[in-house]
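Line by line, the protein sequences are chains A and B. Counting in this note's numbering, the first sequence runs from 1 upward without gaps. Counting in this note's numbering, the second sequence runs from 1 upward without gaps.
Simulated from the structure, these hints should not be mistaken for lab results. Relax, there's no trap hidden among the hints.
Per label pair, the in silico range of CB-to-CB distance: (1) B/A21 to A/S504: 37 to 45 Å; (2) A/I554 to B/E138: 35 to 43 Å; (3) B/E3 to A/L539: 37 to 45 Å.
From a predicted model like this one, the values you see are computed outputs, not experimental measurements. Note that the Cβ used here is the ideal one computed from N, Cα and C, for glycine as well.
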Amino acid sequence: MSGWIQIAVYLAVLIGVSVPLGRYMAKVFNGEKHLLSGSLGWLERFALRVGGVDATQEQDWKRYAWSVIAFNLLGVVVVFALQRFQGMLLANPDAMKSVSADSAFNTAMSFATNTNWQGYGGESTMSYLTQMVGLGVQNFLSAATGMAVLVSLIRGLRAKEASTIGNFWVDMTRATVYVLLPFSVVLAVVLVGQGVVQTFDSAVKTVSGQTIALGPAASQIAIKQLGTNGGGFFNVNSAHPFENPTGLSNFLECLAILLIPAALCLTFGEMVKDRRQGWAVLAAMTALLLMFLVPTVLAEQHGNPAFKDLGLESTANWEGKEARFGIENSALWAVATTAASNGSVNSMHDSYTPVGGMFPMLLMQLGEVVFGGVGSGLYGMLVFAIIAVFIAGLMVGRTPEYLGKKISPYEMKMASLVILIPCAVVLIGTAAALMNGAGKEGMANPGAHGFSELLYAYSSMGNNNGSAFAGFGANVPFHNFLGGVIMWISRFWLIVPVLALAGSLAKKRVAPAGSGTLPTHTPLFVCLLCGTVLIVGVLTFIPVLALGPVVEQIQMHGAR
Amino acid sequence: MKEMIVAIRVFVVLTVLTGIAYPLAVTGFAQAVFPHQANGSMIRQDGKVVGSSLIGRQFDDPKYFWGRPSATSPAPYNGASSSGSNLGPTNPDLMKGIEERVRALRVADPGNDQPVPPDLVTASGSGLDPHISVAAAEYQVPRVARLREITEAKVRDLVVRNTYGPDLGVFGERVVNVQELNLDLDRAKAR
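Make a model of the complete structure from these sequences and hints.
See the structure below:
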């Protein structure tokens, strides 16, 4: 019971904090005066001046896209180089060696695409310098990139016959300076107070011979949660007592997963000057979240029927979960982290009951639009909104429109790309890995569960999530290479069509709403939007899920 | 080309800001205000580090409270390489492991045929979990009291003293810190 109360408190606080945060971010991206423009304005101006950016010059969608890609490619190169040369660089007290080329490639792709898939274990692989200057920086910049792309799409939706959609450098710098950085500072400091470590000392050896790894973890954990990155400082991520030591730290970190994605929905409403539009999208996301949350919690509470024969007090599934979090907080986190494209974990998803692990997996397969990544979740959901008005338009034979913009074949082509590419790379990647043999070799568990591990891995990389069924042996050249390419495709092959969409929407005139216009702020539209997301995702993945978690659930109960 | 130069310059500025200034500022503040927590909540005895109150240790002597089973390698509770078991729900090794641990508990405490709290025989997520549930501590109280020849009330008193949560009355579970509890037990004996 107390678990359900915690979940209710969580959702109430999430929505409550989203309202002021959403309005604040609208002011930030509109370039208006806001709470921090006085105290941090100099930092924005400084960064843009040193960067040589002309803040008054807006970009068309193609220039915007080139800026995004150039900037993120640079991130890949730097993270790759830092890993390869960390052995001879500073801040490496535990003498970490150079990371292998394939693993370094995968990790560089992973952090530049906001995926934070980790084939390595942090405390046994990365120097403090690589963690901070390589991975930590990408935590900020990939999240800021997502927010910038979202804001440009919103500008496209509200613009009246414009040829530009904003300036990437300005949007991205504002996201970093006014949103990600100040919130991270506050969260990091609070987390240290709870017991998260933040030091440059090397690992400590105790009198009993136990080695305890340390590091500058709190600063990285704050942004990994807020920026829907999810890459842990330590191998087991937020299950590690030094990453997430208390019930309170767990609440705050879990809140940080969904906070900015939820608030951005309301930012969207503010920016298009119709708050109801933002609430409708947030309502759809919350409804979908609950649809997945409740069965996951129930599955873990009911647990594993085989436990009963072993003389245990209950069948609740405690394997891979931490005592201080318990069943419900673990399941809540698992759902939040896969709904958002965060991918941090506070329990081991590999040891979940088959159905308990299937819902998080399906949340990723829906395309990371239920909250999703910061920025990327909402631009994905807005694409689904366009698909939804298109379907509704087909049913009654009218030209579909969204926020007064007529949806033409060009927009539908871009929207289809955004929806189909992640599905394609997940399924093709899974199939390729299976046929190659590397897929089967990586499986740590026998039977259907082994297949679930592989499917989870490619669902996670193919949707920029980053969580894992962690038993799966992914740190081999085949998965590192294929996964790295897949993560890049499912990030930037979506960003480019989204920006194309923004550019073409911006050029259109705004048609006044008529009697035949489908209103997009009503409960009816919320249901239509949820239905569209579910139909596309579930129809695509039911067959492959039947081979993994579905059959395993039947086996688990049938075994008795 | 001009775009690439802008990209490099912005990248450098933001790297200095988020990759150097930010972690250093947080470290400086943390070391000044929360030095104990920031350095790993270490427990010292006679100036030497015996462990961290947040990182569990392996206890298999029946005179001590046992913690969560740990799946780290090469040895349990390896603080340099955290890991869960990642055993799936239908993996025979999972059942075998639980069975063995239940048997070990029964051997250490013959006559105790209470049902075993599941967290006491299932591997934690981190392999470093310093806590067990209150039920898992209560299950072990009679055994520890008997082997140490002290009263159960005395042991229970120490358990209560090392029980934490839920934070602010809501967040997280009520748990017992095994690491601190066992240190308290040794001190109680010395007195």
